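Protein chains in written order, with my numbering: chain A, 535 to 753; chain B, 535 to 753.
None of these hints come from the bench; they were simulated from the model.
Computed from a predicted model, the values in this text were never measured in an experiment.
Beta carbons: idealized from backbone N, C-alpha and C, even for Gly.
Some hints could be false.
Unchecked claim - Okay, the calculated beta carbon distance ranges per label pair:
| hint | chain 1 | residue 1 | chain 2 | residue 2 | range |
| --- | --- | --- | --- | --- | --- |
| 1 | B | K537 | A | D639 | 26 to 32 Å |
| 2 | B | L643 | A | R554 | 46 to 52 Å |
| 3 | A | G662 | B | D647 | 16 to 22 Å |
| 4 | B | K537 | A | R559 | 27 to 33 Å |
What the hints assert, rightly or not - Which bits of chain B does chain A cover? Going by a derived footprint, with three or more residues having C-beta under 8 Å, they are:
| hint | segment |
| --- | --- |
| 5 | 581-591 |
| 6 | 598-608 |
| 7 | 641-648 |
| 8 | 670-679 |
| 9 | 702-708 |
| 10 | 742-751 |
Okay, here's what each chain looks like letter by letter:
Protein chains: 2
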Amino acid sequence: MAKRVRLERRIVAESDRLARRLRARFRKAGLLVLNLMSSPGAGKTTLLEETVRRMAGEVRMAAIEGDLATDHDARRIRAAGIPCRQINTGGGCHLSAHQVTEALDHLDLDALDMLFIENVGNLVCPAGFDLGEDRRVVVSSTPEGDDKPAKYPVAFLRADCVVLNKIDLVEATGFSIRAFRRYVRGVKPALPVLELSCRTGEGFSAWIEWLRRARAEVG
Amino acid sequence: MAKRVRLERRIVAESDRLARRLRARFRKAGLLVLNLMSSPGAGKTTLLEETVRRMAGEVRMAAIEGDLATDHDARRIRAAGIPCRQINTGGGCHLSAHQVTEALDHLDLDALDMLFIENVGNLVCPAGFDLGEDRRVVVSSTPEGDDKPAKYPVAFLRADCVVLNKIDLVEATGFSIRAFRRYVRGVKPALPVLELSCRTGEGFSAWIEWLRRARAEVG
């Protein structure tokens, strides 16, 4: 067991070293980098598509898409009009700093203002791995139920912002926004919660505003 | 790296050994054991609550609930009327054979016909760990999108049955059952897909029938 712990420690140390290098590169290039995390199907890609549409004339964006398999998401993001690199993890349950480093070979950071890293759909493992990002965004969605912040606290604890997507389905799913906000406060009182629907557009402008502020803070 | 691989191999071997022991205990007690896997919020607990209500007079059931934190699910299952043991994994992304072995100290296997193991909400990691179960069930839900079998193939590949929950939300979410079934066939052609809604009860009897058949096959 002691041997295992020592090895794990070495792997984590190597991962953190790569993440620090990534952060230095991102800082040097002067761009805002966001790490998006969520359960499968919460709407990360749809959020990104709509964000690209709304900010296309204003900022230069690119994305890295993490999935176990397929290039569905990268194709969607490219169709929305920005450069995108797909990473397939095979069975891997989260993106690693090593994978992001390799993906950067295919993106021109100096031609960008914002980089979105869409992590593997998994509300557990991605939260444990620094990718050199400036901001972490957890995307939650109403059909998942309002108690997810209590049941998956680590992802929320390490987030800088929660996007609550699919608020057009609040009634159909019996979701309580009040209960959700209470659970979020229970984990991290100051964590902002942005309620929106990528489908109807309701609440979307607050997300765009949040991105603008984050960019101003980092840039 | 070679050292890491050797250690990983030893950990996997130990896990498989515990799973084989569990399977032998389950066989000896003559009960059907199901390992339920899904994304967070797909509806595993609700499926279980409704299953308990429908089969209460027919079979003796119990459940083991896996969550990072809280005992929300165990309380719901006990309220539905069966014994239930909550496992909190801390940060752990899946249930282990070791955790299930410990939970069995609190359940009387000889007084049971069916045991449900509700895994941690995660469509990636639980698929890699045998818990000695007889059947693996993946619960998918329409708001997650119809391409999940392609994007998370391992969970589907190792499943014996897919429950497609929340079919009352097909229209509201723009979900294509046809596309979902095509993606399932692409991963595992013979995998049965049971479409149902825990909310409306539509399609639920096919799931109960599937459980009865599985019990007859195992018992």
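Results of checking the hints against the structure:
1. B/K537 to A/D639: 26 to 32 Å: Holds, at about 29 Å.
2. B/L643 to A/R554: 46 to 52 Å: The hinted range 46 to 52 Å holds for B/L643 and A/R554, with Cβ atoms some 50 Å apart.
3. A/G662 to B/D647: 16 to 22 Å: 39 Å, violated
4. B/K537 to A/R559: 27 to 33 Å: 30 Å, holds
5. 581-591: Per the Cβ count (0), the hint is violated.
6. 598-608: holds (count 5)
7. 641-648: violated (count 0)
8. 670-679: holds (count 4)
9. 702-708: Contact hint for the segment 702-708 of chain B vs chain A: holds, 4 residues under 8 Å.
10. 742-751: violated (count 0)
Checked against the numbered hints given earlier, this structure breaks hints 3, 5, 7, 10; the rest are met.
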